[in-house]
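Model the placement of chain B with the ligands on the given structure of chain A, informed by the hints.
As a plain string of letters, each chain reads:
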Amino acid sequence: MNKGKIVSIHSFRGGTGKSNTTANLAAQVAMTGKRVGVVDTDIQSPGIHVLFGLDETKMGKTMNDFLHGKATIREIGFSIGEHSSGGEGRAKLAGKNLWLFPSSIRGREISQILKEGIDFNLLNEGLQKTITEFDLDYLFIDTHPGLNEETLLSIATSDILIIILRPDNQDLQGTSVTVDIARSLDVPNLLLMVNKALPKYDFVELKKEIEDKFNAPVTGILPLSFDLADNASNDLFSLRFPDHDWSKALRGVAKAVLAVE
Amino acid sequence: MKSDVLNQLQKTAIFKNVSDDILAEVAIKASTRKLVKDEVLIRKGEKGDSLFLIHDGWVKIVTVDSKGDELIINKCGPGETIGEMALLDGETRSATVIALTEAEVLELKQDVFEEILKQRSDVPLAIIRSYSERLRFSTTYIEKAIDWSQKTAEGDYSFVEQIQPLVEGAGSNDDKAAQLLSAFFAMVRRVKEREDGLKQQLEKLTFEIDQARRKQEFDEITSTEFYANLKEQAKALRQKRAQG
Ligand SMILES: Nc1ncnc2c1ncn2[C@@H]1O[C@H](COP(=O)(O)OP(=O)(O)OP(=O)(O)O)[C@@H](O)[C@H]1O
Ligand SMILES: [Mg+2]
Numbered sequence: 001m002n003k004g005k006i007v008s009i010h011s012f013r014g015g016t017g018k019s020n021t022t023a024n025l026a027a028q029v030a031m032t033g034k035r036v037g038v039v040d041t042d043i044q045s046p047g048i049h050v051l052f053g054l055d056e057t058k059m060g061k062t063m064n065d066f067l068h069g070k071a072t073i074r075e076i077g078f079s080i081g082e083h084s085s086g087g088e089g090r091a092k093l094a095g096k097n098l099w100l101f102p103s104s105i106r107g108r109e110i111s112q113i114l115k116e117g118i119d120f121n122l123l124n125e126g127l128q129k130t131i132t133e134f135d136l137d138y139l140f141i142d143t144h145p146g147l148n149e150e151t152l153l154s155i156a157t158s159d160i161l162i163i164i165l166r167p168d169n170q171d172l173q174g175t176s177v178t179v180d181i182a183r184s185l186d187v188p189n190l191l192l193m194v195n196k197a198l199p200k201y202d203f204v205e206l207k208k209e210i211e212d213k214f215n216a217p218v219t220g221i222l223p224l225s226f227d228l229a230d231n232a233s234n235d236l237f238s239l240r241f242p243d244h245d246w247s248k249a250l251r252g253v254a255k256a257v258l259a260v261e
Numbered sequence: 001m002k003s004d005v006l007n008q009l010q011k012t013a014i015f016k017n018v019s020d021d022i023l024a025e026v027a028i029k030a031s032t033r034k035l036v037k038d039e040v041l042i043r044k045g046e047k048g049d050s051l052f053l054i055h056d057g058w059v060k061i062v063t064v065d066s067k068g069d070e071l072i073i074n075k076c077g078p079g080e081t082i083g084e085m086a087l088l089d090g091e092t093r094s095a096t097v098i099a100l101t102e103a104e105v106l107e108l109k110q111d112v113f114e115e116i117l118k119q120r121s122d123v124p125l126a127i128i129r130s131y132s133e134r135l136r137f138s139t140t141y142i143e144k145a146i147d148w149s150q151k152t153a154e155g156d157y158s159f160v161e162q163i164q165p166l167v168e169g170a171g172s173n174d175d176k177a178a179q180l181l182s183a184f185f186a187m188v189r190r191v192k193e194r195e196d197g198l199k200q201q202l203e204k205l206t207f208e209i210d211q212a213r214r215k216q217e218f219d220e221i222t223s224t225e226f227y228a229n230l231k232e233q234a235k236a237l238r239q240k241r242a243q244g
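Heads up: the protein sequence lines correspond to chains A and B, in order.
Residues 1 to 261 in my numbering are what the first sequence spells out, letter by letter.
Residues 1 to 244 in my numbering are what the second sequence spells out, letter by letter.
Treat the hints with care, since some could be wrong.
Said to hold, decoys possible - Here are the simulated DSS-like cross-link-like pairs (lysine-lysine), alpha carbons at most 30 Å apart as the crow flies: (1) B:K75 / B:K109; (2) B:K231 / A:K70; (3) B:K235 / A:K5; (4) B:K235 / A:K200; (5) A:K207 / B:K75; (6) A:K200 / B:K151; (7) B:K231 / A:K129; (8) B:K240 / A:K129; (9) A:K213 / B:K204; (10) A:K70 / B:K240; (11) A:K208 / B:K215; (12) A:K200 / A:K255; (13) A:K207 / B:K215; (14) A:K3 / B:K235; (15) A:K34 / B:K235; (16) A:K200 / B:K109; (17) A:K255 / B:K235; (18) B:K231 / A:K115; (19) B:K215 / A:K213.
Since the hints were made in silico from the structure, they are not lab data.
The following block holds chain A by itself, in its conformation from the complex (with noise of 0.2 Å):
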């Protein structure tokens, strides 16, 4: 019954920061002692598992083998905490239960997934499996920006739907588009997030406006931060800087998931 929870970051543009996301609410609620599995379901332009110090020489089996029946969910899963490597922020994930299911970087892969089109079905499955097989609490998806198909597959499985925006007219205008889906979806928890905000907006203001706008609560307001962007590919941001302003607001949208029911 006590099932574990899947967690989907989407947002309607690319580069708004879904994958930095993920992987530190991952890592966060990781830290607090839950089982946590990381999907990356953008297959078209895979980014995740750099995050977690993954290159193209650790990586064993992926999504994609499994979408075409070569492997199965356990062979997939990495475990981060086992082999938690290459800085000090991703060393404090030694001995977690955090594990990733990467998807291929193999150009060819690639094309022929896209190529060939998902089992949306299997895909569905696959997710579901790994709840199952490795026990987990939660499952984050990092998913691909827009709302193609295997996106809104995500979103229509999700418990929790993070839609990530920036905070500008275009952004706003994508996420109503997405949180209508999301509705029409019946995804029961929808919580928003603003990353790259400037520090020059009130964000009190700004989490007031947002709100009213779609209905839903923003549970947290990250600032743009030139130090994320000169970190974040070598590191957790926010398990290196926990007490950066970034960390500590990712920390508060990390509670927001753990308090959903």
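Chain B with the ligands only, in chain A's frame:
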């Protein structure tokens, strides 16, 4: 224990140039006093006639602010000396000293000290020398502080970045001067931060959502067969999960 006392005396500013054999004599003539927590060691306004060396425990030096509230100026612990000026000028105490914890202090009385001064004519000179060194040092700092205060008043904070590393790197043989400087720099930095914060008035963002476009895009996505299927599947999935 007496050798500890000797050590401590050597580090006390006024004794800096006084020879060890004399300090040993001073050490012998000092008497031990035990304080319970909250006991008053020195009362502001009393005539000062002794110096105290803290051997063990902590004391606070307090004064009263304009509202009548106790204001802690400083805390002193093992190895620190209080009231050394009293040995020379016998003026009234400028602040109150209260034990923060149980404490043990050594007291050197002015008359005992004066006995020693009378016996050894080289001692006064050594003390004068220590004091003039200290005075020169303090004067330099005061001059600098005046200069920096003027700059701060004019809104020129550039000296903080240029000078602070030098000051911190150089170290100082006068704790109080070093404390003053570090407090001074902290103050200037805070003032600067506050000023920057005020300059940067927070802006408010306003957004407009084009509702017609929103609906049109929503309709485009949801009108496909794929979407209809997905919605069905999602519904079934959620029902299944709700049942456990
Ligand atoms: N708050 C921030 N301040 C500054 N830079 C940020 C911030 N958040 C993310 N970035 C940077 O923006 C870039 C995109 O971040 P990230 O890869 O997490 O976004 P994404 O949404 O996953 O992108 P994509 O859509 O391409 O998958 C990265 O270089 C990252 O370091
Ligand atoms: Mg990404």
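Hints, verified against the model:
1. B:K75 / B:K109: With a Cα-Cα distance of about 22 Å, the restraint between B:K75 and B:K109 holds, given a limit of 30 Å.
2. B:K231 / A:K70: holds (29 Å)
3. B:K235 / A:K5: holds (16 Å)
4. B:K235 / A:K200: violated (43 Å)
5. A:K207 / B:K75: violated (45 Å)
6. A:K200 / B:K151: holds (28 Å)
7. B:K231 / A:K129: holds (21 Å)
8. B:K240 / A:K129: holds (15 Å)
9. A:K213 / B:K204: holds (15 Å)
10. A:K70 / B:K240: Holds: A:K70 and B:K240 sit about 28 Å apart, inside 30 Å.
11. A:K208 / B:K215: This hinted pair holds, its Cα atoms lying about 23 Å apart.
12. A:K200 / A:K255: holds (25 Å)
13. A:K207 / B:K215: Satisfied, since the Cα-Cα distance of roughly 24 Å is no more than 30 Å.
14. A:K3 / B:K235: Given pair A:K3, B:K235 holds - Cα atoms ~17 Å apart, limit 30 Å.
15. A:K34 / B:K235: holds (28 Å)
16. A:K200 / B:K109: Violated - the C-alpha atoms of B:K109 and A:K200 are around 62 Å apart, more than 30 Å.
17. A:K255 / B:K235: holds (28 Å)
18. B:K231 / A:K115: Between B:K231 and A:K115 the Cα gap is close to 24 Å, so the pair holds against 30 Å.
19. B:K215 / A:K213: Holds, at about 15 Å.
Going through the hint list in order, the structure does not satisfy hints 4, 5 and 16.
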